[in-house]
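4 protein chains.
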Amino acid sequence: MADSTKIELIAPHRCRARVLYGDTDAGGVVYYGNYLRYFERGRTELMRERGISYRELEDRGLIMPVVEAYSRYKASARYDDLIEIATSFIWVKRLSCRFNYEIRQTADQGLLIKGFTLHAVVNHQGKLTKLPDDIFIALQEIIDNPPVINLTKKHDRL
Amino acid sequence: MADSTKIELIAPHRCRARVLYGDTDAGGVVYYGNYLRYFERGRTELMRERGISYRELEDRGLIMPVVEAYSRYKASARYDDLIEIATSFIWVKRLSCRFNYEIRQTADQGLLIKGFTLHAVVNHQGKLTKLPDDIFIALQEIIDNPPVINLTKKHDRL
Amino acid sequence: MADSTKIELIAPHRCRARVLYGDTDAGGVVYYGNYLRYFERGRTELMRERGISYRELEDRGLIMPVVEAYSRYKASARYDDLIEIATSFIWVKRLSCRFNYEIRQTADQGLLIKGFTLHAVVNHQGKLTKLPDDIFIALQEIIDNPPVINLTKKHDRL
Amino acid sequence: MADSTKIELIAPHRCRARVLYGDTDAGGVVYYGNYLRYFERGRTELMRERGISYRELEDRGLIMPVVEAYSRYKASARYDDLIEIATSFIWVKRLSCRFNYEIRQTADQGLLIKGFTLHAVVNHQGKLTKLPDDIFIALQEIIDNPPVINLTKKHDRL
Chain A
1 MADSTKIELI
11 APHRCRARVL
21 YGDTDAGGVV
31 YYGNYLRYFE
41 RGRTELMRER
51 GISYRELEDR
61 GLIMPVVEAY
71 SRYKASARYD
81 DLIEIATSFI
91 WVKRLSCRFN
101 YEIRQTADQG
111 LLIKGFTLHA
121 VVNHQGKLTK
131 LPDDIFIALQ
141 EIIDNPPVIN
151 LTKKHDRL
Chain B
159 MADSTKIELI
169 APHRCRARVL
179 YGDTDAGGVV
189 YYGNYLRYFE
199 RGRTELMRER
209 GISYRELEDR
219 GLIMPVVEAY
229 SRYKASARYD
239 DLIEIATSFI
249 WVKRLSCRFN
259 YEIRQTADQG
269 LLIKGFTLHA
279 VVNHQGKLTK
289 LPDDIFIALQ
299 EIIDNPPVIN
309 LTKKHDRL
Chain C
317 MADSTKIELI
327 APHRCRARVL
337 YGDTDAGGVV
347 YYGNYLRYFE
357 RGRTELMRER
367 GISYRELEDR
377 GLIMPVVEAY
387 SRYKASARYD
397 DLIEIATSFI
407 WVKRLSCRFN
417 YEIRQTADQG
427 LLIKGFTLHA
437 VVNHQGKLTK
447 LPDDIFIALQ
457 EIIDNPPVIN
467 LTKKHDRL
Chain D
475 MADSTKIELI
485 APHRCRARVL
495 YGDTDAGGVV
505 YYGNYLRYFE
515 RGRTELMRER
525 GISYRELEDR
535 GLIMPVVEAY
545 SRYKASARYD
555 DLIEIATSFI
565 WVKRLSCRFN
575 YEIRQTADQG
585 LLIKGFTLHA
595 VVNHQGKLTK
605 LPDDIFIALQ
615 EIIDNPPVIN
625 LTKKHDRL
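Chains as they are written, first to last, in my numbering: chain A, 1 to 158; chain B, 159 to 316; chain C, 317 to 474; chain D, 475 to 632.
Just so you know, these hints were derived from the structure itself, not from any lab. Only true hints are included.
To spell it out: a stretch of chain C is covered by chain B in this simulated footprint if at least three of its residues, at any positions, have a beta carbon under 8 Å from a beta carbon of chain B; those stretches are:
hint, segment
1, 347 to 354
2, 378 to 384
3, 387 to 396
All C-beta atoms, glycine included, are put in the ideal place defined by N, C-alpha and C.
Given the sequences, and given the hints that come with them, work out the whole structure.
So, in structure tokens, the structure goes:
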């Protein structure tokens, strides 16, 4: 976790979410655990946009479970806020990869949270498994050639 | 609940959602309780599109809690499915209102679930409260002049 | 759904839950969809106490998905409330079964919600499947010989 | 976050939870974000046992939101597993405090996850606020005189 305090965004993917009542808690703000759902949304949409569906990885017998998750909460999102999830795919190795996240208010770009997730690569039996060449190269390609700003693109409409 | 088995859609509002891992359960499908989150999304987006923000109602001291909810599950949505939430605002009275819902697979329009929610109108102390004229008329207007098909409109991009 | 408004409890199983922040919403009360989690807890604990583990049913290739769920909300549970989930196993047929629920405040027994779930019996391919004799008889036995009041029993301690 | 990799348990409080279907995801295991609900349960029950209700703190105008959360996932809990949440109250200052967590399988004590949460002290307007003397002393007392092993005590029955 040596680099965990440094949560940089490099050419991030961006998508938006509207805060539901079901995301909030009695404090009037998004429940702290629910930001990990937004992180999931961010990394899934990033990969989909770059032509890799996580579901397809699974169909090939690969699972990439979270082995570490970290969040630093700066401000609170409230019911009905329109928030923006920025996700950077930071690195990929044969057995692991990492995503960084920043979530901001869309209206004034106020920072809500920064965080990261570290993932292992395992098979359906839960055993550590090396990424096959084609997928490793495709993932590395995402990092080497990150997408341009994409808030208005089709995938953001779900 | 006399009319509860009849769940008709009249000129419904439509919006889409992508099924997250966090929405599913170990059965491989969306957890049965999580469809009520999609219902919430459907009715909130319907009202927003017609110029009424539920958050603004709350700012005027009005809350519309669910007093009945019903779901009939026809088929299961899976991880990464793109689903379509169709919501109809069926009627509004001074003290209550009702929404009907249908959720379908976007790809083949296969029916996943039908349901309804019945809402009361209360104040912040939880006491039944009549809708003021302007809001009642604005809500009735939504029913009398339902939106046209709107899948490509701005609000669908969140 | 002819009998859905009549939600009777017959010799119910009872267990308790403490409301987490994560169960509530910005209205300060339990989110309406989260009561379906409490229903799940109620029926699972009822079956476990009577010697039937739902996980074991699954290991035998049987799944009992919810095909209808209904909730009537009477009052709101708040953060940190200790609530009591009363569950009745109402009937079982070869292809379906039904549970009724009541959730009350433990402190004053104030009614929070009544509801029911209707379940189908399917195999792992999702095809309707008749319950085998031994399980059908064991389930019928639960209904014919309901448990006595059990709030202090071991299973309530989790 | 200098000390974040060192997640020690000192005289931890222990309570148990049964994994619901609603806690799991399509991978067949508890969704990674839902462990933060277990963390919440752990720290709330720890404080309740030592005579401090978090709800009472709120009634006195104090909120202790999570400002950092970290989880290291070692193994996966599955549906119906009985898990044990061990929580240590590590330190308290006038403006912040920290809890460490370990969650294990009850059956074989297999480690599932380690983590921590760091909390700030704020008032209802979200402004950093010093803990008043009596509460600070009461919290410090928890740390100086941790509870003995308590799995069979009344509070564990919820």
